Amino acid sequence: MWNRRGPGASPKSTDSLIGHGGTLEGKVHCDTNLRIEGNFSGEILCEGTVTVGEQGTVHSSIEAQEIIIAGKVYGDVTAQRKLILTGTGQLHGNIAAGSLSIAEGSLLNGAVAMTEQPAPETAGGLHTVNTKKTAGKRRESKQSKLEGA
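Just so we're aligned, residue 1 is where the sequence shown starts under the UniProt record's numbering, counting upward by one.
Check each hint, because a few of them may be wrong.
[To be verified] Taking lysine-lysine and the BS3-like style, the derived pairs with C-alpha atoms no more than 30 Å apart in a straight line are: (1) Lys-72 / Lys-27; (2) Lys-72 / Lys-82; (3) Lys-27 / Lys-82.
[To be verified] Distance windows between CB atoms, simulated: (4) Thr-88 / Gly-22: 15 to 21 Å; (5) Asp-15 / Ser-41: 31 to 37 Å; (6) Ser-41 / Glu-116: 20 to 26 Å; (7) Gly-19 / Val-112: 26 to 32 Å; (8) Val-112 / His-59: 16 to 22 Å; (9) Cys-30 / Glu-54: 17 to 23 Å; (10) Gly-22 / Leu-45: 15 to 21 Å; (11) His-20 / Ala-113: 18 to 24 Å; (12) Glu-54 / Thr-32: 31 to 37 Å.
Just so you know, the hints here were simulated from the structure itself, not pulled from any lab data. Values in this document were obtained by computation on a predicted structure and should not be read as measured data. Positions of the beta carbon are idealized from the N, C-alpha and C atoms, including for glycine.
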């Protein structure tokens with residue numbers, strides 16, 4: 001009666017939080033978003049967005065779809081889509097990201113490697129037209145018509 005989702009339906013995922021004043025060490029692997037307002041040491045692998053709040057301090061490598069840094073991060077980060085470094089954010093490590101946004105006032109000590117973004121597909125799939133080949137064929141046909149005349 002109380003379960004309206006039906007049998008076999010998974011519960012809606014929630015975000016994870018390491019709160020201010022909390023300290024956690026180890027390896028975190030999550031399918032949801034992760035927000036860190038406290039201290040974390042270890043390794044982070046996330047399928048969602050990792051946000052390091054202004055009070056957060058992370059001594060870890062981070063790999064996620066999106067990463068937002070407003071606190072301090074000591075370690076290499078890999079953002080599959082984008083990395084945002086806010087005006088209060090500090091990153092002491094290397095970056096690999098699809099896109100990068102660095103606000104004035106932030107601190108970055110490390111190397112940056114941009115990864116190539118996949119081409120967006122249209123609804124009917126990706127269709128490319130090579131105009132050089134068709135233009136060359138048109139010229140050839142026009143030229144052969146002129147020669148034949």
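So, going through the hints one by one against the coordinates:
no. : hint                         : in the structure
1   : Lys-72 / Lys-27              : holds (18 Å)
2   : Lys-72 / Lys-82              : holds (18 Å)
3   : Lys-27 / Lys-82              : holds (22 Å)
4   : Thr-88 / Gly-22: 15 to 21 Å  : holds (20 Å)
5   : Asp-15 / Ser-41: 31 to 37 Å  : violated (21 Å)
6   : Ser-41 / Glu-116: 20 to 26 Å : violated (32 Å)
7   : Gly-19 / Val-112: 26 to 32 Å : holds (31 Å)
8   : Val-112 / His-59: 16 to 22 Å : holds (20 Å)
9   : Cys-30 / Glu-54: 17 to 23 Å  : holds (21 Å)
10  : Gly-22 / Leu-45: 15 to 21 Å  : holds (20 Å)
11  : His-20 / Ala-113: 18 to 24 Å : violated (32 Å)
12  : Glu-54 / Thr-32: 31 to 37 Å  : violated (21 Å)
The structure shown violates the earlier hints numbered 5, 6, 11 and 12.
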